[in-house]
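Generate the whole structure from the sequences, applying the supplied hints.
2 protein chains.
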Amino acid sequence: MLLERGVTDAELQAEANRIAVKVESIFSSYLAGSGDGRDRLFEAMRHAGLGGGKRLRPLLTVATGRLFGIAEDRVIRAGAAIEAIHVYSLIHDDLPCMDDDDLRRGKPTVHRAFDESTAVLAGDCFHDLAFEIIADTATHEDPFVRAELVLEMARASGPNGMAGGQMLDLVAEGQVLDMGSITRLQQLKTGALIEFAVEAACIMGRLPPEARTPYRGFARDIGLAFQIADDLLDHAGDEAVAGKRLRKDAHAGKATFVSLLGEDRARQQCSILIGQAIEHLEHHGEEADLLRAVARYVEERDR
Amino acid sequence: MLLERGVTDAELQAEANRIAVKVESIFSSYLAGSGDGRDRLFEAMRHAGLGGGKRLRPLLTVATGRLFGIAEDRVIRAGAAIEAIHVYSLIHDDLPCMDDDDLRRGKPTVHRAFDESTAVLAGDCFHDLAFEIIADTATHEDPFVRAELVLEMARASGPNGMAGGQMLDLVAEGQVLDMGSITRLQQLKTGALIEFAVEAACIMGRLPPEARTPYRGFARDIGLAFQIADDLLDHAGDEAVAGKRLRKDAHAGKATFVSLLGEDRARQQCSILIGQAIEHLEHHGEEADLLRAVARYVEERDR
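Just so you know, the protein sequences line up as chains A and B, in that order.
For the first sequence, the positions run 1 to 303 when our numbering is used.
For the second sequence, the positions run 1 to 303 when our numbering is used.
No lab work stands behind these hints, which were simulated from the structure alone.
Misleading hints may appear alongside valid ones.
If chains are identical, the list can't say which one is meant, so a pair holds when it fits in one copy or spans any two.
[Unchecked claim] List time: in silico SDA-like cross-link candidates among lysine to any residue, alpha-carbon distance up to 25 Å:
no., residue 1, residue 2
1, Lys248, Ala20
2, Lys107, His140
3, Lys54, Ala32
4, Lys248, Asp115
Listed below in structure tokens is the structure:
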């Protein structure tokens, strides 16, 4: 059993903060502004991309990179690219024609702080930024690695990944989903990008596909646990702490893991998945402590 | 002078049709559907991406590739990726919060044929598809080339390229633009991607940056001529032939090359730019005939 806490809550928080600062510094370096009419676009991108967010995905990438001894300055760029995909998806998911949200990370959503057309473009530009960051020669990454990262990121983000999950979510409105359907939906909508956050580090660590199995297993468990925790938060969390509107799913009559399993069993299931995730790392020693701590954080988070 | 017609109109049309078929076949191979709720998304993508469009950008890429003897099956994939970026941008530009268009390529726009949220997602997915096509190992392209293509495509598409131009266009509404501002706007909005369509072939032909100068000059001239021709079409074209709503700019009180220069001088300017573009190819022989024919087509097109 590897459940002893090799990384304390305070240490995890410090690591997460440090990584968040690095991600924002990478974003900032691309968002200086232009001195013309596009300044409004850059401002909207800074509004969405800076000063908030858990940065869970880059944290996962960095923590996984530590398993293979990858220098943090290398792996953080892939993490920032993945976070850019996440930021783009939040901007578009918040749009009036999608989830129509007013609040995100404690601030007005982009289309509320600016306007809808600026929000569409700011999302589109974060989408490009993700690929620019990952393909940038500033990474000093082997071109083969850069090309593979791009390919897998495009797949994790598109119709067979995150965007496909969002589509399933849209067509599910007013339908009653069973556990199988909702698991599949969430594996695409949030799982695919979380899985890629782990896989990206495997690619950078030059693991052949067959050696990636335990890390994929870890990522799949974490991704599902993350979504159950999200549903629990939506069900019972504090809007002021979460920094976004909650109880949306109940209002929309949508099935969630909590509505299907009940709060107690959902909590149990989340816990089981985290334990299972950590077991995938059993052949690792203390180099996996940060990743184990991230896994436990997924279960315990309150925002 | 290289103005003799090495490629006839009929031959150009046949080449353009052949390339359009190949581009659609590449798109189709990624859009087979999923047998679940995402089928609506794939259907929207097929609606937007198949059965229409001039495919000018892939035609430019293939014609430029011919200068360097690049096999068409290699260069067509980069062309298809660029066309995917173009398709994504059309879907989003047509949205109610952007240009609010009902007709595109003679068919209802995606948000009219489906709905707004599906249109946002279909655009996002074409955006991913572009990067997937260009990074796909199916290209058998050197990873270094794939990574450089991704990087330059992301730049041509984002806030310092196409999307930035769209932002300038949005903030320009109700303002009076001079020739300098409108040239800058169009260089980003339509020019950046057209330039990349040419540059992509230079990258695949392994031209060092300093050897790309004439082709960049060609692309810049063609890009601007294309926009002037577009303004002329918007001013005097036939909606039934164009397959989209015209006279939008006049209604919106927007400055265009035609409103600033008048129809005659705009036509002259377009012609001068095409001549200038073709001059950049003067050190080439008949391997540039297709590219010269494409340049002349830009001036003469009626849709």
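Hint by hint, here is what the structure shows:
1. Lys248 <-> Ala20: Neither: 27 Å inside a chain and 45 Å across chains, both beyond 25 Å.
2. Lys107 <-> His140: neither (35 Å within a copy, 46 Å between copies)
3. Lys54 <-> Ala32: within (23 Å within a copy, 36 Å between copies)
4. Lys248 <-> Asp115: Cα proximity of Lys248 and Asp115: in one copy and across copies (22 Å, 22 Å).
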